[in-house]
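Trainee: The residues making up each chain are set out below.
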Amino acid sequence: MPPKKSIGAEYLKGLWNENPVFRQLLGMCPTLAVTNAVINGIAMGLATAFVLILSSLVVSSIKKLIPSQVRIATYIVIIASFVTIADRFLAAFFPPISKALGPYVPLIVVNCIILGRQEAFSSRNSIGRSLIDALGMSTGFILALLLLSSIRELLGSGSFLGHQLLGSWFKPWTIMILPAGAFITLGVLLGIALLIESKTKARSV
Amino acid sequence: MKENTFILKSSPHFRDKDSVSKIMYAVIISLIPAVAASIYFFRLKAALIYITCVASCLITEAVFLKVRKKDMHSLWDGSAIITGLLLAMTLPPSLSLDLVIIGSVMAIALGKQVFGGLGYNVFNPALVGRAFLQIAFPVAMTTWIPPSTLQVNTATFATPLGNLKFLASITEGSLTPLKDLFWGNVGGCLGETSAIALLAGALFLLFRKVIDWRIPVGIISALAVFTGIFWITSPDKYTHPLFHVLAGGLLIGAFFMATDMVTSPITPLGAWIYALGIGSLIGLIRLFGGFPEGVMFSILFMNTFVPLINRYTRPRILGERRRRA
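The listed protein sequences derive, respectively, from chains A and B. Going by this note's numbering, the letters in the first sequence line up with residues 1 to 205, in that order. Going by this note's numbering, the letters in the second sequence line up with residues 1001 to 1325, in that order.
Among these hints, one or two may not hold up.
Said to hold, decoys possible - Label-pair ranges, simulated between beta-carbon atoms: (1) B:SER1096 <-> A:GLU119: 19 to 25 Å; (2) B:ASP1071 <-> A:GLY116: 41 to 47 Å; (3) B:ILE1232 <-> A:GLN164: 50 to 56 Å; (4) B:GLU1320 <-> A:LYS4: 56 to 62 Å; (5) A:PRO179 <-> B:SER1096: 24 to 30 Å.
Everything labelled a hint here was simulated from the structure, so no lab data went into it. Cβ coordinates follow ideal geometry from the N, Cα and C atoms, glycine included.
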């Protein structure tokens, strides 16, 4: 068992060292699919954060009651309950966003970030630590989606959160709001993340 | 000391006198007739696009070589110049220069350098740049102007394949005459219009054995057979194969794009598979797809299969027994 990290380190690891998108490459499906506009990215990030934090809380508090043979199924039931809440909430209060996100809100059920945190962390750590871990991972995921969707919306429509930022001289790169643009942006960002990682590693050694 | 040393060296022991830059400059020479023809047909616009394209490709390449701390000599091996020339040849003459720059940067950055530079790229860099532009700016990439040698006063002009695709039926006179297709007196991308100029350059390359003859022969015959079958069965609905071979980007694609040494198979059998695949895909897209032209997508698509083709068409090593199935 590795030595326990401080509370701060437990939170911060989700932002960079174990960032779900850039370091663990988890949750690629929503990352690629819904980041064509900043508002969609934020909504997806918040919905995932809601589900992740609450499921981590529940899983870590009942971890002793879950038989290990059916643990995955139990996690899924817990996650699915919160996803249903998030899905209905979005549909009731933000119908346009709910429509834009389409099937990707229900698909949070099988989001591997959430399932991965339950299996790897909440099921073997205290409630407090699980909460901090879930908060860190959620922040990391939201930041990643925000970065990706900002780049894509700026280049693909010349706007940010629907406000036209670039003047009429700018010709929108339609490809950036299409799936191909998602892969190109994510690929370039992953490359940059790896480059930063290798540079900082080389310095600390 | 030297006499007593037993020199151990791994293969290759025999080297050809060809080098990367020798081959690249042969390709550049072979492109000259087509470049000249396009400057004749589209005048200043064409010249500006060529200059912008080649310059921005060279600058992008230089930036990447600098950042990756590579030898700056490889900037002048000619590969970036070819990418620039080929990309320019696939662009519509009316494209504005800022889009040309974006395309060139993407061609070198996404098509070549992210994979590790020349020799490591999976896709033809010029076609990656063009595909990016095609999807990013679909309207600008499909606005055509008439060549200045045709005395027509219209702002836009349909390409021969566009006519074929979007006209309801093939009637006498609606088809671009073959004579114009052959000499290049038609609308279209800069370098694809003049069949005779492309063929002249291609003959030079074939003569110098820079390109594999199987690839263009395979592509052209596959397309001719594919479109020929449909033409024979219903000639009032489909046009004849010769039109398909001469129109659009088929010739430039078959001779200059698909034959790129890095992104085409190395075995003779592999070259046949690759070429037949490209040719029939072009036919499929042209006759039944949503786009009037399919050369770019067909070549990029078959590029992805090249590693697989190479693997399964590996020739038997001398003395190796045939493996029993």
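Trainee: Evaluate each hint against the coordinates.
Mentor: Hint check:
1. B:SER1096 <-> A:GLU119: 19 to 25 Å: Given range 19 to 25 Å: violated, Cβ gap about 53 Å.
2. B:ASP1071 <-> A:GLY116: 41 to 47 Å: 43 Å, holds
3. B:ILE1232 <-> A:GLN164: 50 to 56 Å: The hinted range 50 to 56 Å holds for ILE1232 (chain B) and GLN164 (chain A), with Cβ atoms some 55 Å apart.
4. B:GLU1320 <-> A:LYS4: 56 to 62 Å: The hinted range 56 to 62 Å holds for GLU1320 (chain B) and LYS4 (chain A), with Cβ atoms some 58 Å apart.
5. A:PRO179 <-> B:SER1096: 24 to 30 Å: 26 Å, holds
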